[in-house]
Amino acid sequence: MSHSTSSWLSQPVVKTFTVIGSVSTILAFALLAEAINDPDTIGSLFPFIVLSSAIGLSLLFSTISLNLYKLVQRFIAGEAGARLHSRFVTIFVSLALIPIIIISLFTIQILRQQDRGEDEIMHALEGSRELYKTALNEKKKRIIENLYQLSAALSTTPRSIVDPLLEEARDANKAMELVLYDRMGNQIGFSSLLSEPELVPKPLDNLIVSQVQQGLDYHKIQTHEEFNQILHVVIPLRNFSPESGEHRILSSYYTIPKQLELGQEKINDAVMRNKKRLYLDDQQNTVYNIAFILILLLSLLSALWFALYSTRRLIAPIHELAKGTRSVASGVYNQPITNSSHDDLGFLVQSFNDMMLNLDHTHKNLQQSQQLIEHQNTRLEGILSHLSSGVMVLDSQRRLERANTMACSILDSKMNPTPGIPIGVVAQHHPIISPLTDLLKKRIQDGDQEWCDSLTITTSKGVRNLFCRGSALQEHDTLEGYVVVFDDVTELVSAQKNAAWSEVARRLAHEIKNPLTPIQLSADRLRHRYLSKMDAEEGKVLDRATHTIIQQVDALKRMVQAFSDYARAPKIKFSTFDPARLLEEVADLYRAQHPGHIELNIQSPLSEIEADNDRLRQILNNLIKNGLESSGEEKVADVHITAWSSDGTLLIKICDNGAGIDDVLRSQIFEPYATTKPKGTGLGLAIVKRIIEEHNGQIHLLDPDLFSMDQGSCFEITLPIRHQTALPPATRERLSNGEKP
Amino acid sequence: MVWLRSLLLSSLIWCQTATAEITITQPEILDTPQHYLISAQFSYKLEESVVDALKNGIPIVFIAEYAIEEVTPIWDKNRVIHHVEHRFVLSYREFTNRFYLISLNNNTHGTYDTIEQALERMEQRHDALSVKKDMLSPKKEYQAKIRASLDESALPGLIQPYLYTPYLWPEWKLDSGWHTLSLTL
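Residue numbers (our numbering), protein chains in the order written: chain A, 155 to 895; chain B, 231 to 415.
If a hint is listed, it holds; no wrong ones were tucked in.
Here are the simulated lysine-lysine pairs, BS3-like style, with alpha carbons at most 25 Å apart: (1) Lys285/B <-> Lys287/A; (2) Lys420/A <-> Lys374/A; (3) Lys275/B <-> Lys429/A; (4) Lys285/B <-> Lys430/A; (5) Lys412/A <-> Lys295/A; (6) Lys285/B <-> Lys429/A; (7) Lys293/A <-> Lys374/A; (8) Lys275/B <-> Lys430/A; (9) Lys711/A <-> Lys667/A; (10) Lys294/A <-> Lys374/A; (11) Lys287/A <-> Lys412/A; (12) Lys285/B <-> Lys420/A; (13) Lys779/A <-> Lys725/A; (14) Lys779/A <-> Lys711/A; (15) Lys285/B <-> Lys374/A.
Non-contacting residues of chain B with respect to chain A, defined by C-beta distances greater than 12 Å in every case (computed): (16) Gln256; (17) Ser269; (18) Val291; (19) Glu300; (20) Thr302; (21) Asn308; (22) Ile311; (23) His312; (24) Val314; (25) His316; (26) Met352; (27) Lys362; (28) Glu371; (29) His409; (30) Thr414; (31) Leu415.
Hints were generated in silico from the structure; no laboratory data involved.
Even for Gly, the Cβ is constructed at its ideal location relative to N, Cα and C.
With the hints as constraints, model all of the structure from the sequences given.
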């Protein structure tokens, strides 16, 4: 049933209708029983029967229709228990209808057979009536014969004396009236006990005259106020005497004999009474048929209603159980079923409620445990996300379960830790992590429970050194998975290398620098002493040899000086100056040497910086010189210098369009002896980096796609404006993550 | 009982057939020096089933009613000044194959060969209601009402259900309804 229907048809209204319908139906049954028992009362009871039946039938029909509609709606909606309810209704209705139909068929047959035998009575009565008619006809016949005996006398008697003759004849024949007419129906004589003679005699009825003129007799029984019935006989009086007389007509009235009249009355009454009884029997059958139809309809609808009602009562606990089962299936455990019966179904409902209660308790415990686990997971996630190490967790099937943010950052890969994806498949989509997955695979195959190892991977930031520690996760001797923790130790390795190189440079400078001056002086002395004493040919050889020695020693001195500079950098002397001016001066110096190859772009007014002016000049000279020479010896590259201030820092970007730096060399470019030039010492950029770090700044080799030139390299220097403070935390973090500025 | 019958009849009046079995054809108020004489002619038409009942020994009683009422405001019931009824019993005698008509008011009777003849006798005008003029007040308004109908109470109980279900058996709905004539003093 729709919601709107159920809203106005509230439970009290339905109950009231049901009570009224039941009372009306019972009343209709009672009235019908009384009417059948005493048919005479049907006239007075009929309105009440119709009214109570109509109310009962309409309310029963409405209730049944409503119930069936609800049932069909529930059936279509696939509601729990609807199918079983329908089946029960069908069975109950069949059980109720079969006996009703059988009884009805027998009742119809009995009603049809009731009215037999009545025709025989009617035939007997018809026979009596025929007997009466025969007796009456005999009487008529005798009267007519007697009248014809008068014809000779009455046809020839003169008109003036006919009355006494009629008087005599009336008395003799015991007639009530004798009237003589001529052949045209005009009255001639009159003798009557019924009426007085009229002044103007009435002629005989023309129809009778014409009938009699044809020689036919006329006779008819007529009603009379006094004698009830009288016999009227009219005969023609033919005159066969040629001498006198005429054709005349004799009209006579006779009373019906009392015996015949009484017999007629009795027969008539009996006939009419019997006919009336038969007729009323027919009407009674009609009324019985109506009553039977009403009883049948009331019985059918009552049976149907009772079937619906009882099945609904029977099915209600099962319906509730089905609803409860669905609630449990959908995860609702706190809706117990209403238990209104104390039978087996009631016990079943109670058991179900107990089970639901237990399930609810268990479910709540489970939810609490789940919340605890989720809380711990969230906490673990938080811890892992704040770790400086990368962490990856695999299950026993080597499927990636978890990878923290730092792992993705170190591996330079946007790994999405989708549960259920094997790490090998992840490596196919992210080739960068292949060395790590290969190492992991090897260790797992070797059956190592705990291990640590170093490896290098190539990312967009260059070759990175990773230090990995792995462990198999065991619980109750069952392999649960693997955890891998790794750190990016590239900077640490680089620092270790720098320290080692500084020590080498310091020792090299110390060991080599000392003998160089005596070598150079000795070569110079040899040249001055023996050049003048030798002939031209030999002197030429000596001059060339000593010159070469002196030149190479100079070269060695410069190299040693470079090593010395790298190993023992002079102390920084801070002063405050305008960095824009410094940039202009350095750019002007190189513009003079290489016009058109230097471009300086200062994007905003730069703040004065607190730094070592000479050291910064050295850095700029070094980077610009490297840029100009980055295209080789024959060609001069273009160098673009850009500077701007931001967030308390000075940023200088120096880019060239030279040959660029190999990917392999990119991560080592700031290490000693890392150079792209055939004659370079490889210490320039290492010194640059050291000076910048002494200023609490940073230098980065930018990725090729971040600057506009097609090839070449691009360095970005970030320096704090005030030397006491390091770089702002945000800038430092951004730069330490390798994020591009 | 009366209210229930009225309820049933009024609820089922819509299905009354168009063929009226009893009609008032010529209602008339005759103004004489001393009296107002109210009379009418009627037309009776009996369906076959009614004639069948008649021939099967069910006497049919007809009532011709005449009334003079004082017209009162609409919320009040009219006051009946004078009311008379003429009852006619129509029956059939199987033995003589004739119809008998008896007036219960003056106990006169007649026999007729056909039902039409008997009905023709009933249809003849008969002076029905005579009311003295001094019974009526010139300041008041009066109306004459005429009605002819079947006396349902005289029918056997088994016939009476037909009267309550005119939609099934309209032939038993023999009632002209009240015909009203305005009586101008």
